[in-house]
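Q: Chain by chain, the residues run as shown.
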Amino acid sequence: MSMPTAAGGYTCPYCRMASEGTDRTCPHCGAPVDVRLRVSDSGWIEQPPIRDMARIRFSRSTCQISGAYVPVAEMGLHDDDWVYFSHHVLLHADPRVRMDNMSMRGGWKRMRAGMPLVMMTARGPGHIAFSADEPGETLALPLRAGQAVDVVEHRFLVATGNVDYQWQNSNIWFTTQDGDETEWHYPLGQTMDRFTAAGGNGLLLLHAPGNTFVRDLAPGQRILVQPGGLIWKDPTVAMFLHFEYPRGQYWFSSAKYQAKSIWLTLQGPGRVAVQSVFERPEMAGAVQNSSGATTQYW
Amino acid sequence: MDRIQCQWCHAQNETGRTNCTTCGAPLDKKDLVSDSGWSEAPRLRDMTEFRFSNSTCQIEGEIVPVAELALAAGDSVFFEHHVMLWKEPQVPMSALNTGGGMKRTMGGMPHILSVAHGPGRVAFSRDAAGEVVVLPLHPSMELDVREHAFLAGTHSLTYSFVRIKGLVNVLHGGGGMYMDRFVTHAEPGLLLLHGYGNVFQRTLQPGEQILVEPGGFLYKDSSVTMNAVQQKIKTGLMSRGMYLAEMTGPGRVGIQSMYVHHGSE
Chain A
16 MSMPTAAGGY TCPYCRMASE GTDRTCPHCG APVDVRLRVS DSGWIEQPPI RDMARIRFSR
76 STCQISGAYV PVAEMGLHDD DWVYFSHHVL LHADPRVRMD NMSMRGGWKR MRAGMPLVMM
136 TARGPGHIAF SADEPGETLA LPLRAGQAVD VVEHRFLVAT GNVDYQWQNS NIWFTTQDGD
196 ETEWHYPLGQ TMDRFTAAGG NGLLLLHAPG NTFVRDLAPG QRILVQPGGL IWKDPTVAMF
256 LHFEYPRGQY WFSSAKYQAK SIWLTLQGPG RVAVQSVFER PEMAGAVQNS SGATTQYW
Chain B
37 MDRIQCQWCH AQNETGRTNC TTCGAPLDKK DLVSDSGWSE APRLRDMTEF RFSNSTCQIE
97 GEIVPVAELA LAAGDSVFFE HHVMLWKEPQ VPMSALNTGG GMKRTMGGMP HILSVAHGPG
157 RVAFSRDAAG EVVVLPLHPS MELDVREHAF LAGTHSLTYS FVRIKGLVNV LHGGGGMYMD
217 RFVTHAEPGL LLLHGYGNVF QRTLQPGEQI LVEPGGFLYK DSSVTMNAVQ QKIKTGLMSR
277 GMYLAEMTGP GRVGIQSMYV HHGSE
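Chains as they are written, first to last, in our numbering: chain A, 16 to 313; chain B, 37 to 301.
Hints in this document: simulated from the structure, not taken from any laboratory.
A couple of the hints might just be wrong.
Example chain A residues on the side facing chain B (calculated, C-beta under 8 Å, incomplete) [stated by the list, open to error]:
| # | residue |
| --- | --- |
| 1 | 67 |
| 2 | 108 |
| 3 | 148 |
Every residue gets a Cβ at the ideal spot worked out from N, C-alpha and C, and that includes glycine.
Isolated chain A, as found in the complex (with noise of 0.2 Å):
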């Protein structure tokens, strides 16, 4: 569905990037330009799957999406363009292309909660491929110069190299206690990554299980999704646990406890998007401590 700007030209309900319009897919990010937008009952849209083949232009280099069920994001860099990525993405390269390393910061921290330690960097010219390990969507954000997105840890692909990477605690945790042991959760990942387009527009490529689906949270409205859905959020979203027990009888005291749903509270205003894959949080146990939540006993 076409959105026209007071221009006439086209903003792209997905990125909400303005171009002409013409081509059959948004040169930013990909989604095509002619389909309907398709928007459920409760407001979520569903985000389109970029067209095989399909180009994203950026700075002087492009990025062309191809394959349905593992998507391929094959960059070709310009001379003076480059990106970065996880060393586990990447799927092939010309031997032209220069690689090298861009150490980060809170190594040990990110080494207790599976992070790279190490990302990568790819210099033009010459053409750079990636790819993830689970079917599903490639998400281009193009992000304007100073716009940030939080991202879920793991649904990064790569970035072009104005986007400043940053990463901070999820502050989303919970415990429990097995015995003597005290057991710590983290259903949203230890650590969260926000990307910051900086000095100019820069280009994030994310990897989501599934389908994406993306709705706009108006100021103060709440909606509760399984954390490990959560794919990316504007940084002006909130977010906190929410524990809800269902109103039932049980035959053992602890059932209770394995019943309890487990959600993040998502508070706008912003953006948010969900994919369809998720892992679930684990149940057992009563909760004992958590970053700040809301409990809902029925």
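Model the placement of chain B on the given structure of chain A, informed by the hints.
A: Using the frame of chain A, we list chain B on its own:
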């Protein structure tokens, strides 16, 4: 009489056909080639049927496709036994000793391949989302395939395996100790592979090189050399530098976009 050439296997087809009779590739769709020259393996339409020898193969499903073979009397196919999804009870089975004994065991490869003989139907599938890659092999061709990637091969193919040379290649090449080698002699043959995720193919010119993530390698013509080459890039605190597979032409190289190591590998 006008003919249409299949862009994937180069077989000639009668005009008006929508799928290639030799490999099932759609004939009414353009070949999808990326800017750097990788061709997407043709996405076979659900229920696409094509012929080999006196038998037929039908591809069913699109997420984890099934290859269903209707074997004629006198035709047979060989395969690793765990890829067989179902068979008709009357289809006779036999075993094909691969040779290699302990070496195969050490390499995590089966000693024995199963053989299904016509007449009757038998179906195969692997264990993750991906594509069936149909490779008709002309006479006198040699194709190397990463271990545990082949779904089935027709009786006219000679199966052997080649040890990946060089300790560095074995330890860091991502493909294990052996590669399956399929050879045709006087007769053509048909090889069915399962690629995880999406599959892409590129033809390298003599001396042309490309670096590929070792886990992404799927198949190559035996004329293409493959070496694990260490990059001067550290990927962790204790690591000494990552390895990539350096492929040197001439010949075809096939890669898969999902290179997670599955339980079967």
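Q: Which hint numbers does the structure go against, in order from smallest to largest?
A: Failing hints: none at all.
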